[in-house]
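Asker: Letter by letter, the chains look like this.
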Amino acid sequence: MTEAAINPTPILALNEVELRFVQPVDLAGRIANLLGAGLKTQVVHAVAGVDLAVTPGEVIGIVGESGCGKSTLGRIVSGILPPTAGQVHYQGRPVHAMKGAERRAYELGVQMIFQDPYASLNPRMRVRDIIGEAPAAHGLIASRDKLEYVAGLMRQVGLDPSFAQRYPHQFSGGQRQRIGIARALALKPSVIVCDEAVAALDVSIQAQVLNLFEQLRADLDLTYLFISHNLSVVSHISDRVAIMYLGRIVELADTDTVFARANHPYTQALLKELPTLTPGRRAYQPIRGELPSPLDPPSGCAFHPRCPHAMPRCKAERPLLREVAPGQFSACHLNDGA
Amino acid sequence: MQTNAAQRSLPGPAPVLEVHGLKTHFFTRNGVVKAVDGVDLTLAEGEILGLVGESGSGKSITGFSLMGLLDEPGRIVDGVLRLNGEDLRAATPARWRQLRGQEIAMIFQDPMMTLNPVLRVDTQMIEAVQAHAKVSREAARKRALQTLAMVGIPSPEERLRTYPHQLSGGMRQRVAIAIALLNSPRLIIADEPTTALDVTIQGQILFEVQKLCRETGTGLIWITHDLAVVAGLADRVSVMYAGRVVETGSTEAVISHPMHPYTHGLIASIPTPASRGKPLVPIPGMTPSLLNLPQGCAFRGRCPRATDACLAEPPPVEVRPAQWVRCWHAGAPDTL
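Top to bottom, those sequences are chains U and D.
In case it helps, our numbering puts the first sequence at residues 1 to 338.
In case it helps, our numbering puts the second sequence at residues 1001 to 1336.
Please keep in mind that the hints were generated in silico from the structure rather than gathered at the bench.
Hints are supplied without guarantee of correctness; some may be wrong.
Claimed, not checked - Once the Cα atoms are required to be at most 20 angstroms apart in a straight line, the calculated SDA-like pairs of lysine to any residue come out as:
| no. | chain 1 | residue 1 | chain 2 | residue 2 |
| --- | --- | --- | --- | --- |
| 1 | U | Lys-146 | U | Arg-166 |
| 2 | U | Lys-272 | D | Ala-1228 |
| 3 | D | Lys-1142 | D | Glu-1127 |
| 4 | D | Lys-1278 | U | Leu-277 |
| 5 | D | Lys-1211 | U | Arg-166 |
Working from the sequences, and respecting the hints, build out all of it.
Answerer: Okay, structure coming up:
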């Protein structure tokens, strides 16, 4: 909210966005309850109140461990999952109130690139259809121009256009990811959500794809939401980084600040775990314990069971995301003490 | 080759593992896939060796060859494999059954595939102990409890009675590591064991593994595609490309003074906070198909230093003390 004041026209704004997955008690459970089993409806707060404003042309990295809700957040932003509470604003307009052409513009304007280049391409479709189907269906191009349009996109992502007749299995992992990128670009989006888009690739191929992302951003004026568990990748590509823990953003700042002066104990711990190219035996000081189950999140600050600085207050009261330095937001009670 | 091999073996205690000129080929309908084509490795007691390479470089097949786990149509066609001086290529299937688990153990990438989903953790662990030692169920259970505690599992007594699906990914991988440690093997081969885990859990496991190798004197081969993971863990690093070890040396030497152009490329490809805003310098092209490798140096097609000399296969050369490189143009990275 405070960021919105800094930049008045975010391309994408999330306002107290929440997503709960509810698993009601099934028939067998209800019968068991009659006998006194005491089963309750299970609720997972995958995303529990996220505020985020994305400026046009910015790359925001979203980092967290598995189960922290980062992918779910990406799916909310791209409109795949509607939030159960809160609003998503696209170019200043609330998405849930959009209708007709406006809604269409949002749906085409926010595209997603998925993690697994093997599972995200239909194995029975040729590359020209994978890339060209959506723009033809949405009337961005005429069907007869499809091949030419696809060839242009393939050149843009570094694929030989003569491969357009091939099927996905004829490509390597890196090439498939390029097909996924071309498919997203085909709809001329302004925002691309990259969900672990380079996680499945080898380092040398990963570097090629990261360079492609950078280049496309410069050429096409794209805004990225770059979701990853890999802080090194995120640090390379992002302008700002949001660290998520159990459905909430615990720290948000520009990349240099996060790496130089991380405020939240969780961010500090993550940075310490980051494998770096420093030879010599590291004295590992691992974070104790594991990510708690989102079915039963800890009271107060969700990080308190693993936090080295936990105080009684952390158990009772949830810290709010507050600005601790210009442009740096952190949710930790330690900031009140000083 | 023979003289090189002799020079390579370390002074001091006899190495736990000696591999010279290992060649593992797969005889497929489309031709011979030379997955491993002349690999030399030595491992001293308690030493951690990082085996680094991209997918298809033959690093996992090297691990499988050492475990005798090759499936048809794969075969070891040449090379010397010695574990504690014993020739592994002469081992009978019965001897292999004794060796696996007792002398060499393996940790795989996916702990869900390693553990039997329908057996409790204690059943699986007791079975592994009793397969190699004539001990009572009670003694075996005690040993299982002890190893679970060793790998840092909280309340091991309770964990013993759980099924694998009740454990988190990190816990499952710890159980898999505990099973590998059960019979105190001399050598553990770990094939990308932390790739599927979160950074915080990876940190915990690296911490435990490092400590265990120090304490028990177990040799460890850590197979990974991530040079950064190995940097903080291993004593020595071997970099593999297209079935060959292209560079070997102490971790410090390989990472601070890489001499092979492929190692330069790998290091330049790793994104860091410092590389932000600048394009990374990736290795051009892709790993070649192992079915028809180029003649001579396999990296020739992607190498910025390639010349006609590279048409002949480069032998391993000791460019600096204890740092071996297979390259005609070995040298420090070019300043950019």
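Asker: Hint numbers the structure violates, sorted upward?
Answerer: Hint check: 5 fails alone, others pass.
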